[in-house]
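The primary structure of each chain is shown beneath.
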Amino acid sequence: MAMLSVVDAHKRYGRVEVLRGISLEVAKGQVVVIVGPSGSGKSTLLRCINHLEPLDSGRISVDGELVGYREKDGGLAEDREPEIARKRAAIGMVFQRFNLFPHLTALGNVAAGPVWVKGTPREKAEGEAKALLDRVGLSAKAENYPSQLSGGQQQRVAIARALAMQPKLMLFDEPTSALDPELVGEVLEVMKSLAREMHMTMVVVTHEIGFARDVADRAVFVDEGRVLEEGPPSQVFDAPQHERTREFLGMIRA
Amino acid sequence: MLAILLAIDFKPDIVWKFLFDDVIIEGAWVTLQVSVVAMLIGVVFGGGFALMKVSRNPVFRGAAGFYVWFFRGTPALLQLLILYFGLPQVIDNQQFTNELTAFRAAIIAFGINEGAYMTEIVRAGILSVDTGQMDAAKSLGMTQMRAMRRVVLPQAMRVVVPPTGNEFISMLKNSSLAFTIGLVELLGAAKLIYAVNFRFMELLVVAAIWYLAFTTIFSVLQGEVERLLAVGDRERPRTFISRTIELLSGKRGTEMV
Numbered sequence: 001m002a003m004l005s006v007v008d009a010h011k012r013y014g015r016v017e018v019l020r021g022i023s024l025e026v027a028k029g030q031v032v033v034i035v036g037p038s039g040s041g042k043s044t045l046l047r048c049i050n051h052l053e054p055l056d057s058g059r060i061s062v063d064g065e066l067v068g069y070r071e072k073d074g075g076l077a078e079d080r081e082p083e084i085a086r087k088r089a090a091i092g093m094v095f096q097r098f099n100l101f102p103h104l105t106a107l108g109n110v111a112a113g114p115v116w117v118k119g120t121p122r123e124k125a126e127g128e129a130k131a132l133l134d135r136v137g138l139s140a141k142a143e144n145y146p147s148q149l150s151g152g153q154q155q156r157v158a159i160a161r162a163l164a165m166q167p168k169l170m171l172f173d174e175p176t177s178a179l180d181p182e183l184v185g186e187v188l189e190v191m192k193s194l195a196r197e198m199h200m201t202m203v204v205v206t207h208e209i210g211f212a213r214d215v216a217d218r219a220v221f222v223d224e225g226r227v228l229e230e231g232p233p234s235q236v237f238d239a240p241q242h243e244r245t246r247e248f249l250g251m252i253r254a
Numbered sequence: 001m002l003a004i005l006l007a008i009d010f011k012p013d014i015v016w017k018f019l020f021d022d023v024i025i026e027g028a029w030v031t032l033q034v035s036v037v038a039m040l041i042g043v044v045f046g047g048g049f050a051l052m053k054v055s056r057n058p059v060f061r062g063a064a065g066f067y068v069w070f071f072r073g074t075p076a077l078l079q080l081l082i083l084y085f086g087l088p089q090v091i092d093n094q095q096f097t098n099e100l101t102a103f104r105a106a107i108i109a110f111g112i113n114e115g116a117y118m119t120e121i122v123r124a125g126i127l128s129v130d131t132g133q134m135d136a137a138k139s140l141g142m143t144q145m146r147a148m149r150r151v152v153l154p155q156a157m158r159v160v161v162p163p164t165g166n167e168f169i170s171m172l173k174n175s176s177l178a179f180t181i182g183l184v185e186l187l188g189a190a191k192l193i194y195a196v197n198f199r200f201m202e203l204l205v206v207a208a209i210w211y212l213a214f215t216t217i218f219s220v221l222q223g224e225v226e227r228l229l230a231v232g233d234r235e236r237p238r239t240f241i242s243r244t245i246e247l248l249s250g251k252r253g254t255e256m257v
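The listed protein sequences derive, respectively, from chains P and L.
All letters in the first sequence, in the order written, are residues 1 to 254 by the numbering used here.
All letters in the second sequence, in the order written, are residues 1 to 257 by the numbering used here.
What the hints contain is simulated information worked out from the structure, not anything from laboratory work.
Everything numeric in this text was worked out from a predicted model, so none of it was measured.
Among the hints, a few may not be true.
Straight-line C-alpha distance at most 30 Å; calculated DSS-like pairs for lysine-lysine [said to hold, decoys possible]:
1. P/192 - P/168
2. L/53 - P/87
3. P/72 - P/141
4. P/118 - P/141
5. L/53 - P/118
6. P/192 - P/124
Output of the computed footprint for chain L on chain P, the stretches with three or more beta carbons under 8 Å from beta carbons of chain L [to be verified]:
7. 74-88
8. 107-117
9. 124-132
10. 143-156
11. 159-173
Note that CB positions come from ideal geometry on N, CA and C, so glycine has one too.
For reference, chain P alone in the conformation it holds in the complex (with noise of 0.2 Å):
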């Protein structure tokens, strides 16, 4: 079953039509990287599987569950928020501006999960979140704050932050968009790890097409909230089927 499902989901803002029917499929352990150009519909589709946006029309689950509405009467209702809190805290999401807590370290960002959503006690949840600071290579700076961090220390942190809460499904929101060219390669090296190594299920939207070669099962270009193609990488990226989509590679290639 799939790990992830998508129908036919629309979404609007006041007069703008962001989400026109996309759905999309992903697999347990598969990595598909979502690409687009700015304003298609990629990041509000991806804040929309979460529930950071409600949808207007359509359904998606998580795992075989809808995540923040209910069946009822045959139609949808939104959950009540302790429910979608709780689908919420199986989908790890990440950011394109880190969003880690300042008032916290690393360590803290990375407990923050556990100790405040799951009642994990602290000593054990600041165990497990050193054991993920190692893993995206940063057990020096546990102490450290987000300011005293660089950006792509800030980001892996991020990515320990999400998975502490042990996620079904990862979300990565442009992840490596904000940062300084040389810091990108260490984020996209965590990513690759976590596909690799622990198979998570990750949905990447993202510019890094080399990234998408390396590690994404399929890309899918999404234009004007819409899926327009879709298929491995080596396919969308080397023999686009649609204009639209030529023109846009072209444009991020050159």
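The hints should help you fit chain L onto chain P, whose structure is shown.
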């Protein structure tokens, strides 16, 4: 010119004599108590109503909006008079009237009034925190309330403290309004004494010295609180006390947190 200077009638020894006079000390103590307790009420009300104002529930938002509108929109003195003279007339209950001393009325009225200002200050603090913080907290599975308490409010505090210090200093001074309902606070005590001895200037100087002493002490404390809250900054601001400690312990230079 010289004649005017020679004719100056100001006796510093009278200032000195009354600076620690029992009535003045008593008044200063009343001012301090009213200000501190009313400020605490203001902070609690401000926190609560600010949360209501940013909530998605329209009833909460409306109630908080009305509170701010009314208590910020009328003079504090008017609210004090309503509470102390108006309500006992309307309620007409002997026990209520007896229990409502001038001291209590001042604390309650100033506290509720302050709450309206604190509501806006706390709300501004909450709005100053990047929305990405709420997104990140929610994506970890925190509910709105938990994210507010653990992630947003601790960061909002940094923005809230400086104007709160301002509010407290205003409170110290404006509490002198309570003399209108017969509460002998610091300025009131000075007035009572100069009404008898006619040494207006000396007694006013005495009151000024006490107000300045209070505001100075609280400004220093505020600096310390701001320093504590600067956790996570590359460089914590240094304060009078932290610098003194550095100087005494021989440690210099910037401290990395």
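Structure-based check of each hint:
Distance check on the hinted pair: residue 192 of chain P and residue 168 of chain P sit about 17 Å apart at the alpha-carbon level, within 30 Å; holds. As the CA atoms of residue 53 of chain L and residue 87 of chain P are separated by approximately 27 Å, the hinted pair is consistent with the 30 Å bound. Annotation: proposed proximity of residue 72 of chain P to residue 141 of chain P is violated, straight-line Cα distance about 48 Å (limit 30 Å). Restraint check for residue 118 of chain P and residue 141 of chain P: the C-alpha separation of about 24 Å stays at or below 30 Å, so the hint holds.
Distance restraint check for residue 53 of chain L and residue 118 of chain P: the Cα-Cα separation of roughly 29 Å lies within the 30 Å cut-off, and the hinted pair is therefore satisfied. A C-alpha spacing of about 27 Å is found between residue 192 of chain P and residue 124 of chain P, which places the hinted pair at or below 30 Å, so the restraint holds. For the region 74-88 of chain P, the stated coverage by chain L holds: 5 residues have a C-beta nearer than 8 Å to a C-beta of that chain, and at least 3 were required. A stretch counts as covered by a chain when three or more of its residues have a beta carbon under 8 Å from one of that chain; for the region 107-117 of chain P and chain L the count is 4, and the coverage holds.
Given as covered by chain L, the region 124-132 of chain P fails the check, having 0 residues with a CB less than 8 Å from a CB of that chain where 3 are the minimum. Coverage of a stretch by a chain is defined here by at least three residues with a beta carbon nearer than 8 Å to that chain's beta carbons; for the region 143-156 of chain P and chain L the count is 4, and the condition holds. Only when three residues or more bring their CB closer than 8 Å to a CB of chain L does the claim for the region 159-173 of chain P stand; here the count is 3, and the claim holds.
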